[in-house]
Amino acid sequence: MPEDAPLLQITDLSIRFGAAATNLVDGVSLSLDRGETLCIVGESGCGKSLTALALMGLLPTPPARLMSGTAMFEGRDLLSLSLQELQNVRGDRMAMIFQEPMTSLNPALKVGEQIAEAVRRHKGVSRDAARNRALDMLQKVRIPAPEKRLDEYPHQMSGGMRQRAMIAMAMANDPALLIADEPTTALDVTVQAQVLDLMRQLQDESASAMIMITHDLGVVAEMADKVAVMYAGRIVEAGPVAAVFENPQHPYTIGLMSSMPSLGDRSGKLVTIPGIVPPADAMPEGCRFVSRCPFAQPGCALAPPMREFDRGHAVACWRAPLETGVDAPSPEIAGAA
Amino acid sequence: MLGFLARRILIAIPTVILISVFVFTLQKLLPGDPVLAMAGEERDPEVLAFLREKYRLNDPLYMQYFHWIGGVLQGDLGISLRTRQPVLTLIGEKLPVTIQLAVMALIIAVFIGVPTGILSAYRKGTWIDWLANIVALSGLSIPNFWLGIMLILLVSVNLGWLPASGYAPLSEDPLRSIQTMIMPAFVLGTGLAATLMRHTRSAMLGVLKSDYVRTARAKGLNERVVILKHALRNALVPIVTVATLLFGELLAGAVLTEQIFTIPGFGKLVVDAVFNRDYAVVQGIVLCTAVAFIAMNILADAAYRILNPRMRDT
Ligand SMILES: Nc1ncnc2c1ncn2[C@@H]1O[C@H](COP(=O)(O)OP(=O)(O)OP(=O)(O)O)[C@@H](O)[C@H]1O
Ligand SMILES: [Mg+2]
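Protein sequences appear in the order of chains A and B. If you count by our numbering, then the first sequence holds residues 7 to 343, one letter each, in order. If you count by our numbering, then the second sequence holds residues 548 to 861, one letter each, in order.
In case anyone wonders, no lab produced these hints; they're calculated from the structure. On a predicted model such as this, the values are computed, not experimentally measured, just so you know. Cβ atoms here follow ideal geometry from the backbone N, Cα and C, with glycine treated the same way. One or more of the hints may lead you astray.
[Unchecked claim] Quick list of the computed label-pair ranges, beta carbon to beta carbon: (1) Asp-758/B - Asp-142/A: 18 to 28 Å; (2) Leu-549/B - Asp-142/A: 52 to 62 Å; (3) Asp-203/A - Leu-684/B: 51 to 61 Å; (4) Thr-196/A - Leu-752/B: 37 to 47 Å.
[What the hints assert, rightly or not] For lysine-lysine, the following DSS-like pairs were computed, each having C-alpha atoms within a straight-line distance of at most 25 Å: (5) Lys-776/B - Lys-641/B; (6) Lys-601/B - Lys-671/B; (7) Lys-116/A - Lys-671/B; (8) Lys-116/A - Lys-756/B; (9) Lys-146/A - Lys-116/A; (10) Lys-601/B - Lys-129/A; (11) Lys-154/A - Lys-116/A; (12) Lys-756/B - Lys-776/B; (13) Lys-815/B - Lys-154/A; (14) Lys-575/B - Lys-776/B; (15) Lys-129/A - Lys-146/A; (16) Lys-671/B - Lys-641/B.
[Said to hold, decoys possible] Not the full set, but computed from the structure, chain B residues with beta-carbon under 10 Å of chain A: (17) Leu-604; (18) Pro-607; (19) Gln-611; (20) His-614; (21) Pro-643; (22) Tyr-759; (23) Val-760; (24) Val-784; (25) Pro-785; (26) Val-787; (27) Asn-844; (28) Ala-847; (29) Arg-852.
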């Protein structure tokens, strides 16, 4: 594996369910370097979790079907590993934190045991050593009275506490890649900020790369080096976070930005993108955003490829790059709201 | 936990009283005269009158009840009208036999039902699942007496592997005791295995979909650990509850099987007592069964608490 190869290189990942005719994740390509943080943003149901689960080999197949794609991670294609190889990677080199802290821990097992188990599985250390590691990790995620918490059950902890425990579990083996699927969505606002802070700090210490899934642009601004915007199963825009925020190119990205009061619409008015995501059985052949796009043109019936137009900044829209400045939301979008 | 048990036992007391009243009155409403049954060929009115007086059968019903229940509270279930033995002794002799049968049946049922249930949930929709369900359905629909007779014919008469009937107490000749009990236990166990299999399957299906099973897989644990440690631990709650309740049912349900295999257990005692209008014995047995049933219910609840950390502190 060449030294400068990215840590993770996803190419053309497509997923569909059962006999459906459309891909719920369609031709997704992403790359991530060591230590980097990539945020995937997009509305609910756009395929963020499916993408993450596919990487972890956690999609239930069937009904899910991998239609195409490779995901090169440390020299191996995650999507074609045998179950046993996959089991050796996940929880060790690659770990995941889930969206639902309340249900993601096993209610019948002590929290300490659940963390220590991950360590024992991959590091082959003694029970005591694994327990010590679990204690370390609980301290690291700043759970008060960690010795006591080791022997507690998940139901004795709050949601924020449980998510911290999940983070401790995921980070226990110093993974090279951490996938966090909306780790704070289910938490109180104040707790959200603490957990994000914590994750960033842990990531700095361990030099893990991270894929953070979110639909909160505030989280992107705070955490990301790179951002990928997803719409209806496809990546529509991706690039360094500063570039995408300052110079969004895809009409959907622009819409997203302007729906965020602090970034787009300076008047404080919340702008939403008119229309709805087309249902899976009525997905257009070409650009999937066409039904909601104020700039739609006949050519959009052909799917636009991702084109890089600035260093690392790529967009899938026939009209890009826009010649006109897009500092303010375009009048068509703002007006229609 | 102790507080919980105490509470449950207190709540059970009115139930037991109600059952005792019910059993007592029902007995009295049945046709047939126990005195005639007792006296046998004797039809001398004086003898009959004497017997009536002796067993207080002329007292008002409620007096008879209080007399009986008063004895019960002191551990005296009365005397068999037929054999003149204390009912408690009779039950004490026969109950262990039936308990042995029920325990063996339950073990067989657990060893067949739980693994098949796990497998069929894990392989849901495959031929394994189908096969397990078909076998379970047959297990439920084949009558015990038929299966018992077929087994006797095949295993004992044709193959001569196991004795067709007879009984040896576990304490005297354990090997022979198990040999004679294994067929009836199997017959009793099959129906249970089917019930357990279906409960295990549905409990596991629910658990296998849960987020924490996904977490366990995300940790890189192998499927054996995911299923047996993470999933089964949680599915165990309903399984153990059902198994405990089934055990209570087994004690009562062994009658037919004991008849087929001529095992001198509780079932035989019941049948003999009912046919001979041996009131005291029938009452004692029903009361014992009811108490055992309630005890099993309490045990099931206790197991539920022990297995379920969320319930432990309450
Ligand atoms: N088991 C399944 N069978 C059929 N469709 C599914 C299944 N799981 C997910 N989907 C569909 O796949 C699409 C993408 O789901 P996914 O969970 O990836 O969305 P998401 O982007 O993570 O959304 P959210 O922000 O709500 O978590 C959704 O439209 C969903 O309905
Ligand atoms: Mg999701």
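Verification of the supplied hints:
1. Asp-758/B - Asp-142/A: 18 to 28 Å: holds, 25 Å
2. Leu-549/B - Asp-142/A: 52 to 62 Å: violated, 37 Å
3. Asp-203/A - Leu-684/B: 51 to 61 Å: holds, 57 Å
4. Thr-196/A - Leu-752/B: 37 to 47 Å: The hint (37 to 47 Å, Cβ to Cβ) holds, given that Thr-196/A and Leu-752/B are roughly 38 Å apart.
5. Lys-776/B - Lys-641/B: Between Lys-776/B and Lys-641/B the Cα gap is close to 39 Å, so the pair fails against 25 Å, i.e. violated.
6. Lys-601/B - Lys-671/B: With Cα atoms ~65 Å apart, Lys-601/B and Lys-671/B exceed 25 Å; violated.
7. Lys-116/A - Lys-671/B: Since the Cα atoms of Lys-116/A and Lys-671/B sit roughly 29 Å apart, the hinted pair is violated (cutoff 25 Å).
8. Lys-116/A - Lys-756/B: holds, 20 Å
9. Lys-146/A - Lys-116/A: holds, 18 Å
10. Lys-601/B - Lys-129/A: violated, 80 Å
11. Lys-154/A - Lys-116/A: holds, 11 Å
12. Lys-756/B - Lys-776/B: holds, 15 Å
13. Lys-815/B - Lys-154/A: violated, 56 Å
14. Lys-575/B - Lys-776/B: violated, 54 Å
15. Lys-129/A - Lys-146/A: holds, 19 Å
16. Lys-671/B - Lys-641/B: With Cα atoms ~43 Å apart, Lys-671/B and Lys-641/B exceed 25 Å; violated.
17. Leu-604: violated, 57 Å
18. Pro-607: violated, 56 Å
19. Gln-611: violated, 52 Å
20. His-614: Hint violated; His-614/B Cβ to chain A Cβ min 51 Å, cut 10 Å.
21. Pro-643: violated, 35 Å
22. Tyr-759: holds, 4 Å
23. Val-760: holds, 8 Å
24. Val-784: With Cβ-Cβ at 8 Å, under 10 Å, it holds.
25. Pro-785: violated, 13 Å
26. Val-787: Since the shortest Cβ distance to chain A is 12 Å, the answer is violated.
27. Asn-844: Check failed: Cβ of Asn-844/B comes no nearer than 23 Å to chain A, outside 10 Å.
28. Ala-847: Since the shortest Cβ distance to chain A is 18 Å, the answer is violated.
29. Arg-852: violated, 13 Å
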